[in-house]
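Chains as they are written, first to last, in numbering that gives the first Met the number 0: chain W, 0 to 249; chain S, 0 to 228; chain F, 0 to 249.
It should be emphasised that the hints constitute simulated quantities derived from the structure, not laboratory data.
Quick look at which bits of chain S chain W covers, simulated, 3 or more residues with Cβ under 8 Å:
id, segment
1, 57–67
2, 75–83
3, 173–185
4, 195–201
5, 204–211
Ideal Cβ positions, reconstructed from N, Cα and C, are used throughout, including at glycine.
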Amino acid sequence: MHRHQGRAVGYNWNWGIFWEQSPEGNGTYLDMLVQGLGTTLLTAALAWIIALVVGSAVGVLRTLPGRTAPLLASAWIELFRNMPLLVQLFLWYFVFPDLLPTPWAIWLKQLPNASFVTAVIGIGFFMSARVAVQISSGIEALPLGQRAAATALGLTSAQTYRYVLLPMAFRIILPPLTSELLNTIKNTSVALTIGLAELTARARAVQEFSFQVFEAFTAATLAYLAINLIATLAARWLESRVRVPGYGKA
Amino acid sequence: MSNFDFEIIGRSLGYLFFEGMRFTLTLTFLAAIGGVILGTGLAIIRLSGGRVLSAVAAGYVNLVRALPLVLVIFWFYFLVPYLGQWLTGSSRPIHVGGFASALITFIVFEAAYFSEIMRAGIASIPRGQAAAGLALGLTPLQSMRYVILPQVFRIMLPVLLTQTIVLFQDTSLVYVLSITDFLGAASKIAQRDGRLVEMYSFAALVYFIVSFAASRGVQRLRALIAVPR
Amino acid sequence: MSSTAEPVIRIEHVTKSYTSGMPVLRDVSLTVARGEVVVVCGPSGSGKSTLIKCVNALEPIQQGRITVDGEQVGGKGVNLPRLRARVGMVFQHFELFPHMRVLDNLCLAQCKVLGRSRQEAESRSEALLDRVGLKAFAGKHPGQLSGGQQQRVAIARALAMDPVVMLFDEATSALDPEMVSEVLDVMVELARSGMTMMVVTHEMGFARKVAHRVVFMDQGEVVEDSPTTVFFEGAQSPRARQFLSKILTY
Numbered sequence: 000m001h002r003h004q005g006r007a008v009g010y011n012w013n014w015g016i017f018w019e020q021s022p023e024g025n026g027t028y029l030d031m032l033v034q035g036l037g038t039t040l041l042t043a044a045l046a047w048i049i050a051l052v053v054g055s056a057v058g059v060l061r062t063l064p065g066r067t068a069p070l071l072a073s074a075w076i077e078l079f080r081n082m083p084l085l086v087q088l089f090l091w092y093f094v095f096p097d098l099l100p101t102p103w104a105i106w107l108k109q110l111p112n113a114s115f116v117t118a119v120i121g122i123g124f125f126m127s128a129r130v131a132v133q134i135s136s137g138i139e140a141l142p143l144g145q146r147a148a149a150t151a152l153g154l155t156s157a158q159t160y161r162y163v164l165l166p167m168a169f170r171i172i173l174p175p176l177t178s179e180l181l182n183t184i185k186n187t188s189v190a191l192t193i194g195l196a197e198l199t200a201r202a203r204a205v206q207e208f209s210f211q212v213f214e215a216f217t218a219a220t221l222a223y224l225a226i227n228l229i230a231t232l233a234a235r236w237l238e239s240r241v242r243v244p245g246y247g248k249a
Numbered sequence: 000m001s002n003f004d005f006e007i008i009g010r011s012l013g014y015l016f017f018e019g020m021r022f023t024l025t026l027t028f029l030a031a032i033g034g035v036i037l038g039t040g041l042a043i044i045r046l047s048g049g050r051v052l053s054a055v056a057a058g059y060v061n062l063v064r065a066l067p068l069v070l071v072i073f074w075f076y077f078l079v080p081y082l083g084q085w086l087t088g089s090s091r092p093i094h095v096g097g098f099a100s101a102l103i104t105f106i107v108f109e110a111a112y113f114s115e116i117m118r119a120g121i122a123s124i125p126r127g128q129a130a131a132g133l134a135l136g137l138t139p140l141q142s143m144r145y146v147i148l149p150q151v152f153r154i155m156l157p158v159l160l161t162q163t164i165v166l167f168q169d170t171s172l173v174y175v176l177s178i179t180d181f182l183g184a185a186s187k188i189a190q191r192d193g194r195l196v197e198m199y200s201f202a203a204l205v206y207f208i209v210s211f212a213a214s215r216g217v218q219r220l221r222a223l224i225a226v227p228r
Numbered sequence: 000m001s002s003t004a005e006p007v008i009r010i011e012h013v014t015k016s017y018t019s020g021m022p023v024l025r026d027v028s029l030t031v032a033r034g035e036v037v038v039v040c041g042p043s044g045s046g047k048s049t050l051i052k053c054v055n056a057l058e059p060i061q062q063g064r065i066t067v068d069g070e071q072v073g074g075k076g077v078n079l080p081r082l083r084a085r086v087g088m089v090f091q092h093f094e095l096f097p098h099m100r101v102l103d104n105l106c107l108a109q110c111k112v113l114g115r116s117r118q119e120a121e122s123r124s125e126a127l128l129d130r131v132g133l134k135a136f137a138g139k140h141p142g143q144l145s146g147g148q149q150q151r152v153a154i155a156r157a158l159a160m161d162p163v164v165m166l167f168d169e170a171t172s173a174l175d176p177e178m179v180s181e182v183l184d185v186m187v188e189l190a191r192s193g194m195t196m197m198v199v200t201h202e203m204g205f206a207r208k209v210a211h212r213v214v215f216m217d218q219g220e221v222v223e224d225s226p227t228t229v230f231f232e233g234a235q236s237p238r239a240r241q242f243l244s245k246i247l248t249y
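Isolated chain W, as found in the complex (with noise of 0.2 Å):
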């Protein structure tokens, strides 16, 4: 920050914060942000790990012949996908349980990690309804032709789509999949809400500790650019692995 005149209120940086200890009392600064870092990256990885598995089924739900199935799919698309993620969240950790019969309420409430339980589920079930739009439309992008032929060759529907639509289309989707997996990311901070400390949540920590508040945020942004960047790099070596020779571009 601009310091103007001598008595000029400003800012005073201290980039030496990192290696205070904090008073938690185990450890450094750095180690919180550190620890915030390996939660977020873990909550992201079992989410990531429930939208892929339920976006596909649902993804694939919605370009099945008939009426059922493709509506069960758009039904489950619009509700995650109309309402708030910080709203959702509440929902699984503030309703959901008072759903439930009251033993297995008091065992959900008691949980020693409710909030990244609930962050999992929360995030990978909000995900999941933008994993089914990228599945269904990557399927629907095939040509018609190729579900003809894999029936006329004798291939039950399962087997069409696991050996020839599904094959394909992933291939077609890596690029909007992966700035999907980078929104599960950066949505693990949503999570701060229901008391996950996360990368944002410790950063804000460490604020409140020290009034450090920009290294602590600098310090976040460089994690999260970090992690971008990282995952970016592996999108792109992922799609050059399993590109079709002479499909598309070169």
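We have chain W; now place chains S and F onto it with these hints.
Leaving out everything else, chains S and F in the frame of chain W:
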């Protein structure tokens, strides 16, 4: 579940909508306008600015898109007072209200996303259109203003509106600043009266209805406004 | 055509290349005198379309000089938009502005560049639409017109700027065959009215009918530059003769 209290919702409707939802909608509307304007500027700079300027614009867009909105909200909440101090030459950080801070944050954040939409839109217009504008003697800016952008807005309107629905949902995150937006209002009553189930269910329902109806509207619009070519 | 009159377009030793690969124009020189109609032809990739786009600086050049009506294109202190406004251009793909009515397509640059009042621009536009036989279409959008009609509107749009010269860049090659003649008729009428024209085209019938000179280009060079009758009756270069035999015998 059996003791779900509908009355608490009824009693707080006025507060929820006239305080909370009004804040949410105002923030959404102003941030969408500001975000589209700033985003369009960024897109134009990226596509036709000099090498340095377009690199700066690209860096900005990529930086913002790499960060979670929650972190950006915190950044600006603490940064804006110092920015105000710097801009006005005041001797102390300027106190900025919750609304102004939130508005600046969302404009700056959403501009990065709107800019990507506008950039895709501008790139989708055949290059001959700009050439035809130039050949008629329009300056590059006039060509952008009268020939390219009107076509881009028409093509991209559904996508811009869809992004605005996302923005509408995203505004709920001002909760982290304890601001009384729609969710904040619901949360305050929920905690005051110990009625979390009722208030959060109701808030979820309202968000769902508004977002669902709006995205249906956008689908209708999509069919209506194809440019006759 | 008096050879001593100051030419409207003077192209001198122009060389142009893209960053990679072969030059697209190699030491090209040619002139178009006032009132003259010059047809530029040649096989695809010969550089003729690039050359015509250099005349109003839609394409930059690396070496050489182009002057239009005495002003150097891209010269210091030359107002490029003003210069372009005096050079009418008709594109292969029409490039009407799809979001504007036909009338507004004609009025836009008149108002924004020439500073004409709306009323003045409209009456000029209507007169020109009448001249190309499309007065009734003023209120339509370009998408509601056939290709031939769109190209006639595009000619009227260029004429509305009262240009000193008209450039035609393959103006009929994107048209369905049955629409070519309605556009050529307008171009012939324009040539006979004394307009200075530089026309890139494959339409040799048009060249025979109204061109004063024919320029043949190949591989970025001007191979032949002859009066029309000389060109068709006894082209000097083998390449031009070969080209002519290919397109005339079919």
